[in-house]
Amino acid sequence: MTAAIRCVGLRHSFGDHVAVDDVDLEIPAGGAFGLLGPNGAGKTTTIRMITTLLPVRTGTIEVFGIDVSRRRMAVRRLIGYVPQQLSADAALTGRENVALFARLFDVPRKIRTERVDSALDAVGLLDVAGRPAGGYSGGMIRRLELAQALVSSPRLLILDEPTIGLDPVARSSVWERIEQIRAETGMSVLVTTHYMDEAEQYCDQIALMHRGSIRALGSPAELKDQLGPDSTLDDVFRAVTGDQLEQVGGGMRDVRTTRRTARRLG
Amino acid sequence: MSVQLVEQPAAWVRFPARVGAMCLVELQKIRRDRSELITRAIQPALWLLIFGETFTRLRAIPTGSTPYLDYMAPGILAQSALFISIFYGILIIWERDAGVLAKLLVTPTPRAALVASKAFAAGIRALVQAVMVLILAALLGVSMTANPVKLLAMAVALVLGSAFFCCLSIVIAGLVMSRERMMGIGQAITMPLFFGSNALYPVSLMPGWLKTLSHVNPLSYEVDALRGLLIATPANLGLDFAVLVVAAVASISLASALLGRLTR
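Sequences listed follow chains G and V, in order.
To convert, note that position 206 of the first sequence is 196 in my numbering; the numbers rise steadily by one, no gaps.
In my numbering, each residue carries its 1-based index in the second sequence increased by 10.
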């Protein structure tokens, strides 16, 4: 079976700073894969290369067997992307927000309305689709963004910190929708998160990144077993990142983005 | 929900479809928040009411047999479009910060189509604003053409001019990368572009250096076309439209090349 994502020898630098360093990664189709790590670990840079936002200078990435460097447009048709920031347009209604992405993904006019409603229904927003997104709660906006990503029926859903800043109820609600859609469609999911409980509960496999490279890879149970009895995923995270965590931190941009998103969510 | 992949249409269908989609979004936003149209109409109204009325009485600017208010109205039309479009760079930086730009760039939309979409969306906004300015000018007694072909040509000139200034703004945004710097530069270049054009006075009255500036300023060609079409003053419409088309295409190309910088 073709892997959803295959990265070989992936490396990316910003000036002298090596953000991603010789990453080899294979994400099976149909699964939920969690990419974990502290701020500045290289998760977002890896995701930006997979989503074609950054050029792949060293190494290769294939999405369902398609080379990201050579066939960017074909890869984009397979991807649904939810960025970390709250990116729904507050001035548009929920339906207009989703319809825009249906048009950008060339969903034919005759099935567009049906597809938009189906995406909104899948995230539980059909009843409020006519309201401006500016009046939605943080959890509803996240679900709306999920609908935007789903309206093109992608084979791979990429979520960058999808539940950051959400209250526990909204977090569960977002994940329940993701799980439900994954079960119905067999869609592959790649997610970055700081919440170990979410990674443990919802991801089939996890890769822990630190300083640009992958330090641990396996199912949550395997990773915990490797560390010893009664270990938690938090323990694995600490063991991998060590006491260097405070020093490496994330860039100012990471921190600003996270704070801005959290602030907008109240 | 089931996975149903959509066939990719031909590029010649995709490009206008993307531009159309973004223009539709702009119209939806305008429809929902009409207060912006009113607040944006204040400045052109003040120019026409205060500057226009006063200078018509002063007769300080020689405009031949054309009343000064009539002469000035197309200039204010172009100015209101310039003021709308020159700040699209700030919008694109905001969209970068909010993750919107990254999300749009992950759709199967070529960068040139994305920039052209923004450019024509600015044009749509400028057109809606132009209707307000034209109504005001008519109320003040400016004698304007009612010829639909000329009005359509005016709309084309306004959209092309707005597209150029919107892309100029995106180019600057791609270079300066921050909202604060973009705001400062936007304010710094708007007035020189306006005063360095024929919007308020004939080029023949300008000193030599300003004449040169005016000749390389696309706003001058936009105003010349609008003036020729709206109040039938002598205009070189062929040259005006050629300059506006070339400027719009060149600026869309340059802005597309710089768009990627904003997402890195």
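Keep in mind that the hints are not guaranteed to be accurate.
Some chain V residues judged to face chain G by a derived CB distance under 7 Å, without partners named [to be verified]:
1) K39
2) R42
3) K113
4) A242
Keep in mind the hints are simulated off the structure, nothing from the lab.
Computed from a predicted model, the values in this text were never measured in an experiment.
We put the CB at the ideal spot given by N, CA and C, even for glycine.
For each hint given before, does the structure comply? Return the numbers of the non-compliant ones in rising order. When the structure is compared with the hints, only number 4 turns out to be violated.
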